[in-house]
Every structure is written in C-alpha cells, then in structure tokens.
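Chemist: Protein sequence lines correspond, in order, to chains A and B.
The first sequence: position 61 = 61 (the working numbering), numbered continuously.
The second sequence: position 154 = 154 (the working numbering), numbered continuously.
Just so you know, the hints here were simulated from the structure itself, not pulled from any lab data.
Heads up, a few of these hints could be off.
Stated by the list, open to error - Some, not all, of what chain A presents toward chain B, calculated at C-beta under 10 Å:
| id | residue |
| --- | --- |
| 1 | Leu20 |
| 2 | Glu117 |
| 3 | Lys122 |
| 4 | Cys123 |
| 5 | Leu124 |
| 6 | Val132 |
| 7 | Glu174 |
| 8 | Ala223 |
Here a beta-carbon is modelled for each residue, glycine too, at the ideal position from N, C-alpha and C.
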Amino acid sequence: MGSVLEDVAGKRGIEKQIVLPWSRALQMTRENIFVRLGRSAITASGIFLGIAFLAAVLFGASAARLQAAIDFERLGLEHEAGELQARIIWLAAMSLVVATVGIVNSMLMSVTERYKEIGTMKCLGALDSFIVRLFLLEAGLLGILGSALGALVGAGITMLFFVGRVGGWAGILEAWVTTAVEIGGTGIPLWLCIIFSVMLGGILSILAALYPAWRAAKMAPAAALRSEF
Amino acid sequence: MSVYEYIVRTKDLSKFYVLGGTEVRALDDVALDIRRGEYVSIMGPSGSGKSTLFNMIGGLDKPTKGTVFIDEVDMAQLTASELAFLRCRKIGYIFQTFNLIPVMTALENVTLPMVFAGLTTDDALDKGMQLLKTVGLGERYDHKPTELSGGQQQRVAIARAFANDPAIILADEPTGNLDLRTGKEIITLLKQMNEEKKVTVISATHDLKMIDVSDRVVWIRDGKIERIEERKDIELQVGQMEYEEE
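Isolated chain B (complex conformation) (with noise of 0.2 Å):
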C-alpha cells in the first residue's frame, strides 16, 4: 500500500471526440493518482489531451468513459448544484487567459466566488483585499482587467482561485500568455501558495519553466501518459534547463 494519501484519482480516463467523420482519442485510459499537497505539472505539446484531462478533473465536461474520483467521490455521480458546490468552495481555477469578469474591477472578480459561498459583503472585502495584497495588486484594487497588464490580471486570477480556501488549484497552461519574466513571477506565486496554503497544485502545461517548481511531472502524449517523473529524478536535468535562463 503507499504512504500517499490520494485527492484526485482518475480510472480509465478516457475522451472521444468525433471530428470529420473520425474518431479522435484526446484522452484514452489516463490513471492519474495525484497525492494531496503535491505540486504537479501536467506536460505535453498542444493536442496531447492535457486540457481534456484539466477539463475531466474539474468537473467541467464530462468523460466519454472512466471515472475521476475526487477524495474518493465519484464525480459523476454528483448532482448539477454539489458539482457547483465543488467547483466554487474545493476547486480554483486558472485559465491562459485570465478569464476575468471583464465589467468587474479586480476587487469584485476577486469576491465573486465568495459571493457564491454566502460570505457577507463585509467579510468578502475584507479577505479579497488580503488576497489581493498577498498577489502584490493591493493598490490596484479598483482597476478593471482591462486596465491591467497580463501579468497583474493572471494575479487578480490567482487571488479569486483562491477565495474559498479550495483544497486543489488546476491551471490551464497558466503561464501561456506571458513573457519569460512575468512567467517566473506567476510560477513563484503558484509555488508559494502551494506551499503556504498547502492546497494541491494541478497545472497543465508545456512551459519548461514548471519543472522547477513540480513535485512531479506528468508527460502526456497523444492521450495517454508516457511517463511520470519524481522531483528527485528531475533534479538531475534541471542544470540542462539553464538555457531558459535570460
């Protein structure tokens, strides 16, 4: 038996889609054991199924067949408003395009969730502007996320994933639209929550820059997993990285 206790399982994870008269295998029989705390990457080039699985685990769409179990729940069998309840208190989600409320200033898309959790006016500003201040944006608390850089808006993003104290953070190639800088920045804060907070970190990803931080690294390639590295393991390659340095 493993030490490990596990929060997201997934069994014969598998996606179809039919596209042109052909059937196409995004996902296609993923067993995926993620243990709680851990900080892993999902890697693969695009179209390997890594946003498939991001959606799967997430409850955002729904397997062709297979199961994913979150703390041994199964997913499917949970109603539209328990899956609402999971997606707004247990799960943050970070998108590659931030995905904000575009007519909300930052404060209120960081306050939404709560909102949704039945939190007092009160005490959602108050903790939103905490979240706020712990992403490094509590000056701009009023700006609109069109009057924020892609960085500061992947913050704001970072900060309402965070607003229901969920026990898992799944991000959708995060770091996808951002320079090299800002990237790091984004990875850094991703890590320290981790760490802080010590809510599981599920990113999907193919920026190199993630390896850094993962405790684990899943490679996916055309729908299934080819291998699953250990953080010791990737410690060794991590000096051949340095060309991603600037």
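Just chain A, same shape as in the assembly (with noise of 0.2 Å):
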C-alpha cells in the first residue's frame, strides 16, 4: 500500500477532486426545506412581507393613476396622481431592509440549528465552499418563493380593493398588465414587475444569507461537533 498522503502531497488543484455537483446541492436544499418547512416558512415570510408591501405601494400608485383617469373621464375632474411619491418609495426600501435583517435572524438560527450536521459534512470531507453554496442556495430559493408570493399577493390584494372601489373590471385589468407601473412617463408591464421583485427578493435573501453562511464554513469541524441541538 502506498502513502495516504502521496496525491496529497504532491500534486495541485485537490480543490477539483473534492465536488459537489449544483445538481447534488440543489436536491439537498430542497430536502433541507422540505424537511424544515416551518423554520423554511419563517425565513420564507420575511422577504414575502417586504416584497409584497413594495407591490402593493407600486400598483397603489398605478390604482391612484387608473382613478384619476376615470375621474377625468366620467367628470371631467383633473387632479395631479399617480406618480410614485418619494416617501412612499423609502418606506418600501425600509421595509426590504426590515425583511433583509429578518432574514439574517432566521438565517443565523438555521445555521446554529445545523451546528453538528455542518461540523459532520467537514469531516465527510465537505469544502467551506460546499457550506457556504448550501446556505446561500437555500436563502436564494426561499428568497425567490417567497418574493414570488408577495409580489403576487401584493398586486392582487391592490387589485381587488382598486376594482371593488371603482365597480368594474372592464378595460382596468387591459390597462394594469400593459402599464403595472408608471415611472418618468414610461410604462411598465405587469410580468416586468413581478420579475423585478422577485429578482430583488432573491438577490436580498441571498446578501442576507452571507454572514450566516459564511460562519457555518468558518466553523471548526471538532467544535461543530461538540455543541447539541
């Protein structure tokens, strides 16, 4: 037999033969959210809230521009709405910031959650890297679910108090899909919207994720061990 550490010693690029697929990391984050679906939930919730209180200022807006439209039309009233006031803007910032912390939060529990799981995958071999991709798919993923549902909720909830106040559908779904929201005079659709969100949702979820992410990798496996949960 030779020795153990003979292809450790010599050669270069180990970090190539340690791996883990995207496809491997992808299936274990879906069974760590699968398997912690209430703790997924809280993290979940976080971003939802944030993002659907920043559909429902955007579409507030559009609904207020769709009215004054109305007014003008059916009594020749003309008053200044619709445009996206900037205090309204910094409370939804507010709230993304607000959900981001949240996240955070929810993120770190997790990771002291999987003390032992983390300190057993480094003994298995597991990179930091391996860790650090686990954590952040994972906040990415129930980033993009849960800003997917807020955006969703957000725009209908908006919707429906919109069409119960003005009485009717006709011709105000037409409108809204084509200009979901009016910035500087340009119009932008609805699926331009929601992608948008969700985009932002992800992006924060996964900013969120980095810190505790990275102190699970950073983590001695021997004192990853120790601690029980």
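Need the complex rebuilt from these two chains, each delivered in its own frame; the hints are there to steer you.
Modeler: What follows is the structure, given as structure tokens:
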C-alpha cells in the first residue's frame, strides 16, 4: 500500500478532486427546505411581506393613476395623481431592509440548529465552499419563492381594492397588465414588475445569508460536533 | 529499529484549554505510534482526553503544541483543501451519536462522501448499496435516520465511514449510545471490517467489551498515556472480563 498522502502532498488542484455538483446541492437544499418547513416558512415570510408591501406601493400608485383617468373621463375632474411619492418609496425601501435583517436572523438560527450537521459534512470532506453554497442556495430559493408569492399577493390585493372601489373590471385589467407601474412617463408591464420583484427578493435573501453561511463554513469541525442541538 | 510501519504518529501532542481562568491540560505531551492495520482502543474515563486525542488525529481540531503525522506527513502543514481531501478519502469517522444527516436516507448518507470524492451517481449508488449490504442494512436503504434504531444508525455510519475506502477508521465512543448486545454487534462489525479491508481502526472508548478485539489498548488518564498493553498481555485478563457477558 502506498502512502496515505502520496496524492495529497504532490498534486496541485486538490480542490478539483473534492466536488459537490450543483444538481446534488440543489437536491440537498430542496430536502432541507421541505424537511424544515416551519423554519423555511419563517425565513421566506420576511421577504414575502417586504415584497408584498413593495408591490402594494407600486401598484397602489398606478391604481391612483387609473382612478385619476377614470375621474377625468366621467366627471371632467382633473387632479394630480399616479406619481410615486418619494416618501412612499422610502417606506418600501425601509420595509425591505427590515425584511433583510429578518432573514439574517432566521438564517443564523438555521445555522445554529445545524452546527452538528455542518461538522459532520466537514468530516466527510466537505470544503468550506460547499457549506456556503448550500446555505446561499437555500436562502436564494426561499427568497425567490417568498418574493414571487409576495409580488402576486401584494399586487392582487391592491387590484381587488381598486376594482371594488371603481365597481368593475372593464378595461382596468388590461390597462394594468400593459402598464402596471409608470415611472417617469414610461409604462412598465406587469410581468416585468413581477420579475423585478422576484429578482430583488432573491438577491436580498442571498445577501442576507452571506454572513450566516460564512460563519457556518469557518467553524472548526470539532467545535461544530461538540454542540448539542 | 522497529519492524512496524506506522500510519499515525504523534509527537509532544498537547491541547490546553482555559476554563474559568485556569488552564486545563486535556492532552499533555502525548507520543503515540499506531501501526498500519492494527485495531487500537484508546481507553480512559470521560474527561481523560481521549476525545481530544481523537479530534487531533482526525484533523478536526488544532493542537496547542506538538504534531500529528499521518504517513509521515505533518498534518499542520496541510492546506484547508488538502485537509478536506484527507478527511474525504483517507479517514472514516464514526461518532457516539452516529451523526447521520437527518434529512437524508441511509443510502444518501452513505453516498455523500462518494459524491464529494467525485464518483458518478451510478457508481456511488452501486457502492453505497454494497456497503449497506455488508453492514446488514440492504433492505433499509430508503429509511431516514429517525426511522432506524440506534444500532442500525451506527451501521449506516460505519458504511458511510468506509465509503471512500479509507486507510484509517476513527471511532469516538462508537458503542456509547448503544445497549450491550447492539454494542457487541457493532464491535464485531468493526473488527470484521478491520480484518477484511486491512484498515487501521482507532477507537476512543471506555467500553471494556472493546478490549476483546483490540490488538493494543492505550490507557489514558489526565491527558497522559498511562500504559499501553499488547494483545498477548490482554488475553490473560480477558477471563476477568466475563462479568461483562449478559
């Protein structure tokens, strides 16, 4: 039998000899999310609420714009409406910051719960980067799911309110789908708004998970194994 | 010169912790040579430092001073990824609390180190099933750890430890959470793997049943080696251990 370390000592590119394929990482992440559905829901709910609020604010502005158009048509009334107010954007931004901090907290909890698992994975040969990848993937997936739902719910509720107030669907839905939000005179269609919200939610979640994932990966395996949860 | 080939050597190995302002010497200048292919039990009461020694040999923790050589390579000189490589392919770990990944099935647990080692899915599944059959759990490959008994979980953990054909198996109190009979079964299994696969087994334990199968027993107390017994010395004493039988 040759030396245990003969291939360690000499060769370069050891990293390439230890791998975690993306497909397997994704599968592990999916299992993690479903097995710990409660915690996953808490992580996702933060970004869900933040994005729902953002969507409600954006769609609320276009609702006001539509209202103004309708008022003008019916009553000849003209009033200034439909511009996104700086204060409201500020409010939406703050709510996203709060949501992000919530995710940091919830991911830190999640890392703590899994200390032992992380230690075990390291004993099996996982590189630090695998651990980071698993946590970021998890946060990203939860962020995308949460914000997709949030965008739909936020937009949906605003629409329902508006339709209820105006008392009919005629022409409104169509106007909304083509020009969900108006920024500086340019109409942005609904699908683009939803994609933007989902991407924003996903990116914020991944940013929020950076620190917890790094902390998880840097832990010495012995320390990780000692902890009892 | 010795006729033995040593796979693990420790030199002046020490680990100090500071607890409440006082220094605790968990390991104090331990020099231990482990022969290739032998079954070594590191015995001692809890708090004697055997788990610390286990962590040092396994590269899971850094010594305060001293060195661990695996095949004459100083472990402290290895980079993080070389260390990961070592853990992945050359050392198999077995723990008191089994430490299976709870969200994965038995087969997924066993194949995880093979995934890290770059085996294709098919090869990993074949080998994983083979290992599960070897430890007598071929039928239960699809069960999650929570659906398995302690003994079964430890069998899965043993199969996982052998995933990448390691040269060394490190076991930390492998029978500590098992009843007498299951503990014996696990010890027999470890001994069988030791003989069949010519793998070096290093087991930290205070389970006297382990003495039966050990080639050497290292007694540790207060972070120091108290004495090392060879197989031939031990056999004289085994008669006295019969009270351990059910």
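Chemist: Let me make sure I understand: some of the numbered hints might not hold for this structure. Which ones are they, in numerical order?
Modeler: Checked against the structure, the hints that fail are numbers 6, 7, while the rest are satisfied.
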